[in-house]
Amino acid sequence: MSAIVWIGEDAPPEQLGGKGAGLARLAAAGLRVPPAFVVTVDGYREAVDPRLRGELERAAAAISPDAPISDLEHLAAALRERMLEATARHPLREALAAAYARLGETVAVRSSAVGEDAADRSFAGEYDTHLLVRGADEVDARVRECWASLYTARALAYRAGRSGELAMAVCVQQMVDARAAGVFMTLDPANGDRSTIVVESVWGLGEPLVSGTVTPDRFVIDKVTGDIVRRDVVAKPYELARHGSGLGTERREVAAPRRDAPSLRDGELAELARMAKRVEQLAGTAQDGEFAVAAGEPPDNVHLLQCRAETVWSRRERRPLVGQRSALQSVVSTLTKEHR
Amino acid sequence: MTTAPTSFQSPYDVATPEGAEGWEQMYNWYHQRGEERRAEDEQRFWFHDRLHHPRVLAPYDEIQCECWWQALGAFNTRILPMPPAHGVDQRIINGYVYVSPVPADPAQLQARAEIFQRRAGHYYENWDAIYEEWKVKVMARLDEIRAMDFSPLPDLEDDSVIFDHRGYSTGYKMIQDFQRLVVVMYETYQYHFEMLNLGYAAYLTFFGFCKQAFPNITDQAISRMVGGLHVDLYRPDDELKRLSKEALRLGVDDEVTNAGSAEALFALLGESEAGREWMADWQRTADPWFLFSTDAGHPGGYHDAKPWIEDPDVPLAAIKEYIALLRKGEQIDRPTERVLAERERIAGEYRALMAEEDREAFDEVLKLARTVFVYIEEHNIYIEHWMWATFWRKSRDLAAALHEMGAFDGPRDMFLLRRSEVAEAIYDIVAAWSVGSRPRGADYWRPIIEERRRIYEVLKAWDAPPALGRPPEEVNEPFTVMLWGITTDQVAAWLGGAGEDGRTLQGQAGSPGVVEGPARIVRAVEELDDVQQGEILICPATSPSWSTVFSRVLATVSDVGGVMSHAAIICREYGIPAVVGTGRAVSSITNGQRVRVDGDRGTVTIVD
Numbered sequence: 000m001s002a003i004v005w006i007g008e009d010a011p012p013e014q015l016g017g018k019g020a021g022l023a024r025l026a027a028a029g030l031r032v033p034p035a036f037v038v039t040v041d042g043y044r045e046a047v048d049p050r051l052r053g054e055l056e057r058a059a060a061a062i063s064p065d066a067p068i069s070d071l072e073h074l075a076a077a078l079r080e081r082m083l084e085a086t087a088r089h090p091l092r093e094a095l096a097a098a099y100a101r102l103g104e105t106v107a108v109r110s111s112a113v114g115e116d117a118a119d120r121s122f123a124g125e126y127d128t129h130l131l132v133r134g135a136d137e138v139d140a141r142v143r144e145c146w147a148s149l150y151t152a153r154a155l156a157y158r159a160g161r162s163g164e165l166a167m168a169v170c171v172q173q174m175v176d177a178r179a180a181g182v183f184m185t186l187d188p189a190n191g192d193r194s195t196i197v198v199e200s201v202w203g204l205g206e207p208l209v210s211g212t213v214t215p216d217r218f219v220i221d222k223v224t225g226d227i228v229r230r231d232v233v234a235k236p237y238e239l240a241r242h243g244s245g246l247g248t249e250r251r252e253v254a255a256p257r258r259d260a261p262s263l264r265d266g267e268l269a270e271l272a273r274m275a276k277r278v279e280q281l282a283g284t285a286q287d288g289e290f291a292v293a294a295g296e297p298p299d300n301v302h303l304l305q306c307r308a309e310t311v312w313s314r315r316e317r318r319p320l321v322g323q324r325s326a327l328q329s330v331v332s333t334l335t336k337e338h339r
Numbered sequence: 000m001t002t003a004p005t006s007f008q009s010p011y012d013v014a015t016p017e018g019a020e021g022w023e024q025m026y027n028w029y030h031q032r033g034e035e036r037r038a039e040d041e042q043r044f045w046f047h048d049r050l051h052h053p054r055v056l057a058p059y060d061e062i063q064c065e066c067w068w069q070a071l072g073a074f075n076t077r078i079l080p081m082p083p084a085h086g087v088d089q090r091i092i093n094g095y096v097y098v099s100p101v102p103a104d105p106a107q108l109q110a111r112a113e114i115f116q117r118r119a120g121h122y123y124e125n126w127d128a129i130y131e132e133w134k135v136k137v138m139a140r141l142d143e144i145r146a147m148d149f150s151p152l153p154d155l156e157d158d159s160v161i162f163d164h165r166g167y168s169t170g171y172k173m174i175q176d177f178q179r180l181v182v183v184m185y186e187t188y189q190y191h192f193e194m195l196n197l198g199y200a201a202y203l204t205f206f207g208f209c210k211q212a213f214p215n216i217t218d219q220a221i222s223r224m225v226g227g228l229h230v231d232l233y234r235p236d237d238e239l240k241r242l243s244k245e246a247l248r249l250g251v252d253d254e255v256t257n258a259g260s261a262e263a264l265f266a267l268l269g270e271s272e273a274g275r276e277w278m279a280d281w282q283r284t285a286d287p288w289f290l291f292s293t294d295a296g297h298p299g300g301y302h303d304a305k306p307w308i309e310d311p312d313v314p315l316a317a318i319k320e321y322i323a324l325l326r327k328g329e330q331i332d333r334p335t336e337r338v339l340a341e342r343e344r345i346a347g348e349y350r351a352l353m354a355e356e357d358r359e360a361f362d363e364v365l366k367l368a369r370t371v372f373v374y375i376e377e378h379n380i381y382i383e384h385w386m387w388a389t390f391w392r393k394s395r396d397l398a399a400a401l402h403e404m405g406a407f408d409g410p411r412d413m414f415l416l417r418r419s420e421v422a423e424a425i426y427d428i429v430a431a432w433s434v435g436s437r438p439r440g441a442d443y444w445r446p447i448i449e450e451r452r453r454i455y456e457v458l459k460a461w462d463a464p465p466a467l468g469r470p471p472e473e474v475n476e477p478f479t480v481m482l483w484g485i486t487t488d489q490v491a492a493w494l495g496g497a498g499e500d501g502r503t504l505q506g507q508a509g510s511p512g513v514v515e516g517p518a519r520i521v522r523a524v525e526e527l528d529d530v531q532q533g534e535i536l537i538c539p540a541t542s543p544s545w546s547t548v549f550s551r552v553l554a555t556v557s558d559v560g561g562v563m564s565h566a567a568i569i570c571r572e573y574g575i576p577a578v579v580g581t582g583r584a585v586s587s588i589t590n591g592q593r594v595r596v597d598g599d600r601g602t603v604t605i606v607d
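Line order of the protein sequences matches chains U and C.
Residues 0 to 339 (numbering that gives the first Met the number 0) make up the first sequence, in order.
Residues 0 to 607 (numbering that gives the first Met the number 0) make up the second sequence, in order.
Bound conformation, chain U alone (with noise of 0.2 Å):
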């Protein structure tokens, strides 16, 4: 397998981490994603050598899973310095650039993580996410970060005990520079309606609200009629926005009456409804993920980040609400429940 494989070209999904097959599925389905490519799993074990794997992954096995929490944060330091330090000339230096020169000028680089319980925490910000990165050295130090985020203190205490290969493959995304950015999920968290897409949306980047320390605008919309059925609009007195060098992200103040006023537009909301529906049909379960809203005028400011199988209420049991039953029992059981 190549060591970099572009979004859209064929590729076996377990190469491209969990977001990367995300982005790699959304893609082929026609729905709009930012162009990005993925350092592939292949591509990580090309780059980091056998036998520094070998010695990280020893010393990884080595901490007792009781072992005081700053003793595992130390050592996660350590470990992650060291695959810095390691992979410093890296062989994919020059592919990386030239992929980067291809996809302009400022980029997103997020993790892509390797195995079912690695993409839960990703989308939890455990795994690293940098935004507004520009220049091929910038880009080259965050994939080289996100390959040490395979060793954070949370990562160890997870692993402690249990052996296995670790991997971890890296998306490059083109930054959508987001008026508007947010998540969706398919099915409501609240309670598992799956006739329910459930969006929250901030302004500027996205970041804050997925890391949970923003109150995002949220709507409900009907996945079957497409209404609007419920707008939860909160004042937004901040955003995550490019920061004025061009480079990194800044938290920038919202006035009013921005800072009032909904995130999202109706015919924004409404693409986004299409493209979860379309998702999770694909996907044949529950899906959430991540957009972000560009200037212009829907539906095509509206971009697909990534998106991922929910986990919550699609692993529980269904249980049938009533089974078979005849139309007249039904009339009388609605007749009598209230009131036994």
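Because the hints were derived from the structure by calculation, they are not lab data.
Don't take each hint at face value.
[Claimed, not checked] Distance condition first, Cα-Cα at most 25 Å in a straight line; then the derived DSS-like pairs of lysine-lysine:
hint, chain 1, residue 1, chain 2, residue 2
1, C, 327, C, 305
2, U, 336, C, 366
3, C, 393, C, 305
4, C, 134, C, 393
5, C, 210, U, 336
6, U, 276, C, 210
[Said to hold, decoys possible] Which bits of chain U does chain C cover? Going by a derived footprint, with three or more residues having C-beta under 8 Å, they are:
hint, segment
7, 22–31
8, 182–194
9, 310–319
Yeah, the Cβ is synthetic: ideal placement off N, Cα and C, and Gly gets one too.
Given the structure of chain U, go ahead and fit chain C onto it with the hints provided.
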């Protein structure tokens, strides 16, 4: 912060408005409060029935609420029987109708459910056939009252009384016809409830099933899976559209659109062949399709609401508008095929989202809901429009005849008498006519009528409180919620006052969307002409005969009705927001005020 009260004013503490003393004589005694039932009444929850009787009742019109008081009650309590619910009790207070659902004894629930299952099952299984029988029964009653003639009595009886061996006088016939007129209306109400509550129970079942499977599903989405059939209720509007096309085909469209009034138009059309042809078409169509009440709210509730057939300027205005649309090349027909295809798509998609084991049960309740829904939508045309429109017409004929024969000073005075008093007035007139002497008539009734007219005017201006007595903690009686749109939230809002400083009204989300615009209050059909493009319609309720206004307005707000009310259904069809059952939008909002209508949450906010 003050805590909201948990109870409304006692119905026994409601005072008579100044100048309306003695109003009790205008209504039947059994319909009113009585000290002997005070303790019981005060423990019950009463709400003003703005759905059926938004305005003060004229004494004669008490017939209307008595019809459903008895018939609904008998079917729920004694016939079906409806397991959790008895009938809906009524009290008239200051001329306004207050109602209170009566729960069945919980200890009887299972026993009643077993009987219900057997009896309801018979109707559900044979629904379409029973409905066909039903139409025959009701049409026979309609024909009977349609044939009644309440002209002033003749000086000398016709030859036919002799040569046909009729054997009785036309005076006796007037006495008898009036009794029949009233009794037939009561009889028709038996049929009205023969099927309606069963229909609602089935619809409610489907509704509950969907809510259970999809907690977030909207009431609108549920109704879209069931409604949309080409039912007779839409026929009057369809006939207007057809007449509009005919006017264009016959080349009389200019005459129609330029006409100042229906009267002037008909005079003009009489002069040409094409004009006469179109007019003949109108007349053929008018009976029965223009026996269509323009009453705001529940049609047929009041003697003074004119159906299209008596107020031809109303259908004419709609035809003018349709012709204008046709000239612009627009499509005016109801997109029935599309609505039906959409109904299948929506039901199919929800079904697919359901746990597999539930899909068969879903199919069953959906099928039943669709079967009964035709009746739920259509019975209005037979009873509320045709029967009542005819009943009130005949009543007005009688009132005019009695006036002419000296019973009353005015042609509408009769409506200030209770129905038993009308029977007395007829007897007085007929007796005098028979013996060739002078009735007591107007001399007797004059002071009574004058006093009542004065009281009636005072009561008209009285602001009837939305609720009285002690509300239940949860409003879960199915018909209260479904029919009147009264929910636990609504009761809480009433208890807490009209919302923050009275600027926000809470109703039910009838049709989704949020818009802002200038308000236009429409209390009756005469005010429809004032509605301008881009306004927000604020009304007690809407009527199917108002259909053309919905292409003009941005949103609709009504005082009464739930999600199955006409206002909600029609707005969903037109894709405009609606908030229904706000209780007091008409009295809280003034013309031209900017309001924001949130059809997603069911709120209306006065913005300036």
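Tested hints:
Note on residue 327/C and residue 305/C: the hinted pairing is violated, with a Cα-Cα distance of about 32 Å set against a maximum of 25 Å. Of the supplied pair hints, the one linking residue 336/U and residue 366/C holds, its CA atoms being roughly 22 Å apart against a limit of 25 Å. Of the pairs offered as hints, the one joining residue 393/C and residue 305/C holds, with about 12 Å between alpha carbons and a cut-off of 25 Å not exceeded. Simply put, residue 134/C and residue 393/C have alpha-carbon atoms about 21 Å apart, close enough for the 25 Å limit, and the pair holds.
Straight-line distance between C-alpha atoms of residue 210/C and residue 336/U comes to about 15 Å, which keeps the hinted pair within the 25 Å bound. Restraint check for residue 276/U and residue 210/C: satisfied, since their Cα atoms lie roughly 21 Å apart, inside the 25 Å limit. Residue count for the segment 22–31 of chain U with a Cβ under 8 Å from a Cβ of chain C: 0. That is fewer than the three needed, and the coverage hint is violated. Counting residues of the segment 182–194 of chain U whose CB falls under 8 Å from any CB of chain C gives 5; the rule of at least 3 is met.
Here's how the segment 310–319 of chain U fares: 3 of its residues keep a CB closer than 8 Å to some CB of chain C, so the rule of at least three is met and the hint holds.
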